[in-house]
Amino acid sequence: MRLSQNSIALYVVVIALGFLASLLFPNELAQISGLVIVVVLIQTWILANKYMSVGQRAFVLYAVVIICGIAAPFAFPNYVTQIAILWLMILFALTWDMMGGQMGYNSLGNIIFFGVGMYASAIVQIGLYYDVAQYTSHAGAVKVQYDWFQYVFGMGLGLIAAAISAVVVAVVLGRVVFGLRGPYFAIGTLGAAIAAGELVGAWDYVGGGGGITMPTFPGSGDERSLFFYFALFGLALFTFAFLKWLYSRRYALAVNAIRDDEDKAEAMGIHTLRYKTVAWAMSAFLLGMSGAVFGNMSGFVEPLEVAFPTITFGIFMVLMALLGGKGTLWGPVLGAVVFHIIKELTWTYFLGWQWVALGMLIIINVAYFQQGILGWAQEKWPDFFGLTVDESDTREAAADASGEASK
Amino acid sequence: MNSIIEIKDVSKAFGGVIANQSISINVAEGGITGLIGPNGSGKTTLFNSIVGHHPIDSGSIKFEGAEISTFKVQQIARLGLLRTFQQTRIYSKMNCVQNMLISIPHRTSGILDMFKAHSPETNERALELLEFVGLFSKRNLIAGDLSFGQQKLLEFAMALMNEPKVLLLDEPTAGINPTLINGLIDRLKMANEQFGVTLFVIEHNMRVIMNLAEHIYCLAHGELLAEGKPDDIQNDQRVVDAYLGAH
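Protein chains in written order, with my numbering: chain A, 1 to 407; chain B, 408 to 654.
Every clue listed holds true.
Straight-line alpha carbon distances no greater than 16 Å define the calculated EDC-like cross-link-like pairs of lysine to aspartate or glutamate that follow: (1) B:Lys500 / A:Glu262; (2) A:Lys143 / A:Asp131; (3) B:Lys415 / B:Glu634; (4) B:Lys500 / A:Glu379; (5) B:Lys469 / B:Asp416; (6) B:Lys415 / B:Glu471; (7) B:Lys469 / B:Glu413; (8) A:Lys380 / B:Asp552; (9) B:Lys415 / B:Asp464; (10) B:Lys500 / A:Asp261; (11) A:Lys276 / B:Asp520; (12) B:Lys415 / B:Glu630; (13) B:Lys469 / B:Glu436; (14) B:Lys596 / B:Glu436; (15) B:Lys479 / A:Glu262; (16) B:Lys479 / A:Asp263; (17) B:Lys572 / B:Glu436; (18) B:Lys572 / B:Glu471; (19) B:Lys596 / B:Glu621; (20) A:Lys276 / A:Asp261; (21) A:Lys276 / A:Glu262.
Worth flagging that the hints you see were computed from the coordinates, not collected in a lab. In this text, all values refer to a predicted model and were calculated from it rather than measured experimentally.
Using the sequences provided together with the hints, build the complete structure.
Structure, rendered in structure tokens:
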């Protein structure tokens, strides 16, 4: 039986959700019922493997993830923000993997697009009804009160502006840094990210280091949490669906070829610069929109901690993709889920030592577990991933064999 | 026969080392041309010059009558002039079929072609060529896990997938066991006859090159030493001396 990536992903997602669920429930009774849910889900998985085709199992997996995603904020109303951040983490890992995993260009500067998107949306949303320079010079003394229409319309425009400006920055920056390869590319992009934070910090129009307060959300606190939860959830779903489609196209093989041997790819006539630019631009497009949503969600945009947090989000996105298995579709998702759980647990139970624990995780990951969860699974069970020798030597023999198997 | 590649007075030096000195070579269209010479005689440098890997110092390189010595690697590859590498290069983390599918000619690809799916014809062609080189049963394996000889065969199949007009082969039989070599020679000849690919081959194995090529050029110390039919080359005293180190 061939076990697809989807099935392994389902297994890990189920275990992780169950684990998270049993920790979050307030009392023993609830924890027990949480475990019962886990058992039911695992049983579903076993039955799914037994009686369903690969396509049907994929459908069940997506249904489970989407239902959990929709139900989560209502099931755990106290943790809406944490789970919303989980979707943001998944977005980080997926968009980083577009470059670092699929194309082998380990960017440490993708956070630039997040910050650029955030600032672009801030300028557009404030600038729609106010004078930005005047607003920032009053440093929060002016409260921006929008009604629902103004708020949603402004945020829609902000998202578009964020995506476009991030793409422009990616294309321009790409021209400069795509001449660099390997560690030089990583260091070059890291430098660019740090410089971006400092530059914005010195730009008075957007409030400099003092930051800029985003428009106040027109609804209640609960409505606000749900609004941003579903914004990030929707963006993450869209990103995953888009990448699933993209990775079935010629694009995927071309960027993988660049990852494996760029000189060979050039010698075979592949338009390498075009692929690299488009890959980075798409990654920037999605990250720019994530930044716009997160800026509104935090309500306050500031260069070093919120918009360009190189040593937190900027490193997390690399770590999550590596942990889950870079260069795969599900790997970054699994990595983000596992990482987020570990991070929340260490922040809760090892407070004061959380950065040490996180550093340990990075070292163990890079030194002993480079291939990540999915990469490890693929090495352990190559048959499940279809990495097999076919007994037939010719196409006709293979056609005969499959004909007999289906009889 | 027409010359598809015309190399005239090409020189290339790396610092003080003169790798190629005013070399002139013509590669006949539709034929198999050989390039031999002792180690360090400048064969691979000449290949690199032809495919645009580095700029040449002087001289001219024409492909189908048009000057290509200022073109970049990708542009030349898209014209249909392709090379394989001495240290076999394949996409090591992708499986064999994927290696084949991305080796399609990129001559006319526009920006939107990168979002195209693989056509059934391309798939069929990939399997056909894998069968041609005898790797059909290994098609789902990761290319980096194949043996060195199998990787050479895969690289050859990838080159054919690209539908080149001319294929420059840098030591196609190096590191391959003798049994496999005979099979490879047959396939090189078949590629030349059936697919009409002009071959220009660097080879150290004399038995192979004498068997394969119709016309042979011999380099030594960066200069063209001799040229002629295989029999002439074999009996040329200068070539024998060069290989035995009389120079």
